[in-house]
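S.K.: The chain contents come next:
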Amino acid sequence: MSFLLPLGLLALLTLPIIVVLHLLRERRRRVAVPSLMHWQHLARRQTAERVRRLPLTLLLLLHLLAATLLGLALGRPQIAGRAGGARQLAVVLDLSTSMATREGESTRFAQAQQRALALLRSLGPGDSATLLAAGTRARVIASGGPADLARLNAAIDTLEPGGTGADLAGALTLAEAVFAGPRRRAIVVLTDGGPTGAPLPSAIGAALDWQQVGTPQPNRAIVALAARAWGANVQVYARIANYGAPAFDSTVTLYGDDRALGTRAVALAPNGETELTWTLPAAYAHLRAALNGHDSLPQDDEAQLSLAQARPLTILLVSARPDGLRRVLAAVPDAQVTTRDPAGYQPAAGAPGAALTVFDSFLPGEWPAGATLAINPPAGSPLLEVAAQLHPSAGELSRRSPLFAGLGLDGVSFGPLRQVALPGWAETLLAKGGAPLIVRGRVGTHEIAIWSFDPAATNLPNRLAYPLLMARTVRDLTPPPLPQSVQAGLPLTLRPDARAAELRIAAPGGRQTTRDARPQLTLDDLTQPGLYQIEERAAGASLFRSQLPVNAGSALESDLRPQPAPSIAQAPNQPATAERQLVALWPWLALGALALLLLEWGYIHR
Amino acid sequence: MWFKTIFGRKAGAAERPLFDEAFLRRLERLSLQAQPALRGRPAGGEHLSRNQLPSTIFSDHRPYSYGDDYRYVDWNAYAHQEEVFVKLGEIEQSVSIHVLLDVSRSMAWGAPPKLRVAQQLAATLGYLALAHHDRLHVALFGTAALSRFGPAQGKGRLLDLLRFIEQARADQPTALAQSIGTYARRQINGGVLVICSDLLAPEGLDQALQALVAPRWQTLVLHLLDPRELKPDLSGALELEDAETGQRLALTLDPDTLAAYRNHVSAWQEQLATACARRGVTYAQVLTDWPLERQVVPYLRARRILQ
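Those sequence lines, one after another, are chains A and B. 2 is the number of the first residue of the first sequence in the numbering used here; add one for each residue after it. -17 is the number of the first residue of the second sequence in the numbering used here; add one for each residue after it.
Please note that a few of the clues may not be correct.
[What the hints assert, rightly or not] Have a look at the derived ranges for each label pair, beta carbon to beta carbon:
#, chain 1, residue 1, chain 2, residue 2, range
1, B, Val195, A, Arg31, 19 to 27 Å
2, B, Gln149, A, Val21, 50 to 58 Å
3, B, Pro197, A, His606, 28 to 36 Å
4, A, Leu600, B, Arg230, 21 to 29 Å
5, A, Leu16, B, Gln189, 53 to 61 Å
6, B, Arg244, A, Leu600, 35 to 43 Å
7, A, Arg31, B, Asn171, 42 to 50 Å
8, B, Asp188, A, Leu14, 54 to 62 Å
9, B, Asn171, A, Val32, 18 to 26 Å
10, B, Gln189, A, Val32, 27 to 35 Å
11, B, Arg151, A, Ala12, 35 to 43 Å
Derived from the structure by calculation, the hints contain no laboratory data. Just so you know, even glycine gets a beta-carbon here, dropped at the ideal spot from N, CA and C.
Turn these sequences into a full structure, and let the hints steer you where they fit.
M.R.: Have a look at this one:
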């Protein structure tokens, strides 16, 4: 409350004056008695006592109250009223894996959903609500007012927990961003743990209600499962953690291609970890480790690995003299090389074609569907501007890519070069004396590398660096294999086959999504533990199909013990002082004083 | 004001008969107790006289004197004593009953007003007097005797008596001693004098009783008191207003003050009783909340005012 005219408060000095006046002349209730002859002898003593005592009469209280109200009214008080009764509510739901923990007959996430629904039901006229999901990436789910309650409820019902970590910081930032106007702002965070990922802001411009969901529970989890080739065998490594005060004895069973390979007993110390290793023959494409956890979060009691993630590589070599290049290309792991004479080359119509096409001293009229390695490109092609041959000047090799790390190219004489005018979509990776030797670029979905020299005209085929350079170039042009497994919710960046037009992704629950293939694709919705099926397709045919295991166990999500709520300073629950309405109080105070005076008048003349 | 006309208490709404007929019939069995020393009229009445006159109802003798009626000569005594004696006997007489009704303003105070109780007492005593063939005088007094009723005898005057009493209004200042003295001097025969008053007079009762000497007067003082006079239900800062004079007194009442007041009233009552006893006056306190038939009349009988 503020006063527009503080000097008016001097009127409050009348209060002691009123008290003094009442002390000097006390107003008494008049009572008729038959005679004063019995009272007169008592009067003098009482009069002397009366002066010393403040007469707390109703009239005095009325006078003081009326004078107080008038004094305050003269000060022109104002209070900051609400800019509007409406409020903006942002509800942040934690979608991390730990929210799937069972709590009695329900789960933590179900409880959070119920609270969110209750919050939405409490919306009043003019209120608005925004639902935000704090998964590995925060996002806005839906927003609306009381009229959109059904839609908001449906949006909540579509959510399911899964993923490592909750981007609560991002969710708070998004919530602040969606707030608009001078209405009250409130953020409710429904989570079972502390913040993960980016640090939370130290202050926030809204009323923050950090609601903890769930109770502390012990949990056991497989937090790591990995494998590596070891000669003709495979070594498998697993780490099992116990997040709880009691020790726990259990068993871990390893399955290879859904066949039980063995069961190990594990003794988990309180809050301890144990590690297991297996050595297996390299005969299994899929491994699965299962822990007999007996806890409320079964999702992290299992972990899987895919050992057959190699991607088959088809290479078409278009060359009039293919022998040298075929030998070096065949040395690339998993490569299948076919050759074709340039005169008989026809672009694949309606078929995916090869994953990589190597043109030797030849360029077609258009780039093929897959990746392309153009060696010693001839002049006169519409795809590249190639001038006459030149001899590279003496000078240092300029390496601008990790592709050449560890390769001994210093003694290589690159012979006559094709003078390739560097296109705008390409960059030079290797040059000598200013003349580009290897150029790399992308045109649309076409991954293209250009060797401006003819290896057969150089001493490169005699060097060990030649097959290495070729293998690295091929790997750089073709998509890498999928990882053995990924952590649930962590974003996975894919480089699909350049020929692919779309990706079909089938989640463990059977839900399928289709995405357009792009040179680089980030999958951030791999939140459910289990096996994802990923298929790259082109022209109605499947180019590549693979399984991607997604595991939920992690030190971040498997620890179900409560985390302290973060300390975040809350800004005043009003957007800005200037936007608030100042309500003048003096008319109400004056009316109150008038009402009191009327009451006093009635009291006196009753 | 017009709303007072609508919502105000209707005049006469509280005017009820002083008492009903059944009460009067029950009252008939009682009579005022008059002293034999009073000078009455032997022609009628029911009060014993101190004087003994020749009578057929024998109780004593005296020597015959000239003019005595031969019918009362005790011839048997003459035969034994050889002296003529006249038989004497007790006689009954009628006396004058004077009821003085205080109509000072203080008598209008109280719930019910003290005047109302005084009217009932005066009517009761007046009815007894009329019913027992006494000579009844009723006078209203304030500063002086204002109006009078009587002398009247016989129950045939009852309605007149009631009309007179009911028209009394407590609107006069108080002059207790002057009024009573004036009245007593004008009544040379004396009689039973009943004072119905709250005795709230600055000059006091003792001065008033000086004019009422025995045996000419047999005086009864009926002191009307409201219970709230004895125990006021007041507290806090008050401005007391004298119902008699309009004089005001600012006073803050606390338990000590009220205790002092009660002590003062008690001493005053003692003083009144002592003054009455010293002059042979019967003093009786009547509280206004006492029911007339069930409490006042038995009380007066206990005090031997009624028999």
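S.K.: State for each hint whether it applies.
M.R.: Tested hints:
no., hint, verdict
1, B:Val195 to A:Arg31: 19 to 27 Å, "43 Å, violated"
2, B:Gln149 to A:Val21: 50 to 58 Å, "53 Å, holds"
3, B:Pro197 to A:His606: 28 to 36 Å, "58 Å, violated"
4, A:Leu600 to B:Arg230: 21 to 29 Å, "26 Å, holds"
5, A:Leu16 to B:Gln189: 53 to 61 Å, "55 Å, holds"
6, B:Arg244 to A:Leu600: 35 to 43 Å, "36 Å, holds"
7, A:Arg31 to B:Asn171: 42 to 50 Å, "48 Å, holds"
8, B:Asp188 to A:Leu14: 54 to 62 Å, "59 Å, holds"
9, B:Asn171 to A:Val32: 18 to 26 Å, "45 Å, violated"
10, B:Gln189 to A:Val32: 27 to 35 Å, "30 Å, holds"
11, B:Arg151 to A:Ala12: 35 to 43 Å, "54 Å, violated"
Checked against the numbered hints listed earlier, the structure breaks hints 1, 3, 9 and 11; every other hint is satisfied.
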